[in-house]
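Student: Residues per chain are reported as follows:
There are 2 protein chains.
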Amino acid sequence: MEYIKDPMEIEKKSFEIITEELGEKTFPEREGKIIKRVIHTTADFQYGDITKINEYAIDSAIKALKEGCSIYTDTKMAMAGINKRVLKDLNSDIYCLVDDAEVSKEAKERGLTRSMVGMEKAVMDKRTKIFVIGNAPTALFQLCQFIDEGKVQPHLVVGVPVGFVGAKESKDELLKRKVPYITTVGRKGGSTVAAAIINALLYMTK
Amino acid sequence: MEYIKDPMEIEKKSFEIITEELGEKTFPEREGKIIKRVIHTTADFQYGDITKINEYAIDSAIKALKEGCSIYTDTKMAMAGINKRVLKDLNSDIYCLVDDAEVSKEAKERGLTRSMVGMEKAVMDKRTKIFVIGNAPTALFQLCQFIDEGKVQPHLVVGVPVGFVGAKESKDELLKRKVPYITTVGRKGGSTVAAAIINALLYMTK
Numbered sequence: 001m002e003y004i005k006d007p008m009e010i011e012k013k014s015f016e017i018i019t020e021e022l023g024e025k026t027f028p029e030r031e032g033k034i035i036k037r038v039i040h041t042t043a044d045f046q047y048g049d050i051t052k053i054n055e056y057a058i059d060s061a062i063k064a065l066k067e068g069c070s071i072y073t074d075t076k077m078a079m080a081g082i083n084k085r086v087l088k089d090l091n092s093d094i095y096c097l098v099d100d101a102e103v104s105k106e107a108k109e110r111g112l113t114r115s116m117v118g119m120e121k122a123v124m125d126k127r128t129k130i131f132v133i134g135n136a137p138t139a140l141f142q143l144c145q146f147i148d149e150g151k152v153q154p155h156l157v158v159g160v161p162v163g164f165v166g167a168k169e170s171k172d173e174l175l176k177r178k179v180p181y182i183t184t185v186g187r188k189g190g191s192t193v194a195a196a197i198i199n200a201l202l203y204m205t206k
Numbered sequence: 001m002e003y004i005k006d007p008m009e010i011e012k013k014s015f016e017i018i019t020e021e022l023g024e025k026t027f028p029e030r031e032g033k034i035i036k037r038v039i040h041t042t043a044d045f046q047y048g049d050i051t052k053i054n055e056y057a058i059d060s061a062i063k064a065l066k067e068g069c070s071i072y073t074d075t076k077m078a079m080a081g082i083n084k085r086v087l088k089d090l091n092s093d094i095y096c097l098v099d100d101a102e103v104s105k106e107a108k109e110r111g112l113t114r115s116m117v118g119m120e121k122a123v124m125d126k127r128t129k130i131f132v133i134g135n136a137p138t139a140l141f142q143l144c145q146f147i148d149e150g151k152v153q154p155h156l157v158v159g160v161p162v163g164f165v166g167a168k169e170s171k172d173e174l175l176k177r178k179v180p181y182i183t184t185v186g187r188k189g190g191s192t193v194a195a196a197i198i199n200a201l202l203y204m205t206k
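First to last, the protein sequences are chains U and G. Counting from 1, position 165 in the first sequence corresponds to residue 165 in full-length UniProt numbering; the numbering is continuous, with no gaps. Counting from 1, position 159 in the second sequence corresponds to residue 159 in full-length UniProt numbering; the numbering is continuous, with no gaps.
No lab work stands behind these hints: they were computed from the structure.
The list treats identical chains as interchangeable, and a pair is accepted whether it falls inside one copy or across any two copies.
In the DSS-like style, the derived pairs of lysine-lysine whose C-alpha atoms are separated by at most 30 Å in a straight line are: (1) LYS5 <-> LYS108; (2) LYS121 <-> LYS12; (3) LYS13 <-> LYS52; (4) LYS105 <-> LYS126; (5) LYS168 <-> LYS25; (6) LYS13 <-> LYS108; (7) LYS129 <-> LYS63; (8) LYS76 <-> LYS121; (9) LYS12 <-> LYS76; (10) LYS76 <-> LYS129; (11) LYS36 <-> LYS52; (12) LYS168 <-> LYS76; (13) LYS13 <-> LYS168; (14) LYS76 <-> LYS66.
With the sequences and hints as input, model every part of the structure.
Tutor: Here it is in structure tokens:
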């Protein structure tokens with residue numbers, strides 16, 4: 001079995017293949033870096049069509065990351081996939097909304113998802129905030145509501161819940177909000193997609 | 001914004017939609033539970049066609065899980081996505097091949113991926129082993145080689161690396177091996193897919 005073993009070479013070659021297969025479908029440079037990293041993570045070229053990055057998103061995110069911010073994820077998977085070394089260099093911190101015993105207890109008592117309860121706690125953080133929601137539509141609905149109520153002004157919302165119940169609808173709500181956002185319209189998305197988007201932004205800070 | 005908030009209800013409704021949209025495409029009961037959970041995790045019905053479960057895989061995996069085994073993942077993301085509560089009830093343990101300072105150091109020195117070096121360490125474990133490879137083709141190639149050399153006899157290989165360089169080829173190699181395996185042919189797969197497969201098996205032990 002002969003195969004490429006060097007991780008850097010594998011990544012470089014992968015991005016070349018993606019660019020080649022996208023063919024005439026091109027993106028502005030920074031948007032392209034994000035979308036190609038999502039395709040790299042999923043091997044699914046549909047993300048070239050469904051990924052929506054609004055006009056404020058990239059500048060706002062890079063500013064927040066460079067100045068140091070708090071990143072909140074809805075799952076431990078999304079948190080696990082984000083490059084901690086680069087985050088640390090930037091003096092940014094990352095937290096998972098559901099990874100907290102108190103949150104679990106309260107969610108059970110109130111019959112809510114842990115991510116909804118975690119979201120309530122996150123909005124109290126006074127630092128610049130980026131929200132990364134790859135799994136739970138309930139967390140994204142809740143965040144949209146807090147935005148409407150003026151309780152939180154995120155510097156970026158990566159809203160890419162995946163699934164069949166509420167995922168599409170929660171992203172449709174995000175699209176109506178005047179906040180910096182990156183989303184994937186329809187049912188597709190997920191924790192790996194969410195992490196890939198944040199990693200693409202992290203690499204742009206360099 | 002009206003939406004379903006109860007996680008159990010969301011999951012139940014999701015599986016109903018998946019079954020409905022699969023239409024005349026049906027699977028044997030246990031295979032169906034795995035494949036539908038992968039579709040649930042990705043919102044990608046293509047997994048109904050590309051997921052391959054060999055005849056020994058489910059029995060072998062359930063036996064290993066019920067008796068207590070070691071699960072090795074190639075990424076922290078896959079590890080993060082696997083249900084630890086059920087694993088603990090079963091007296092099974094989970095380890096990540098790359099999450100080790102010694103492995104990092106050695107990989108750098110030898111110019112290899114961390115997952116390849118981690119794999120070398122995993123095969124020394126004397127317990128019953130399940131390998132879960134959702135990202136790194138190099139780890140799956142290495143595992144195939146160790147199987148050929150008689151260094152390891154996994155009770156299950158979940159081999160679902162994603163990507164453009166080596167992913168498809170590494171899975172083609174796995175398909176030729178006489179070991180219990182679950183794979184997704186072609187480029188698609190990933191850490192969320194890998195975790196979904198193990199979770200589906202964990203829920204079948206009950």
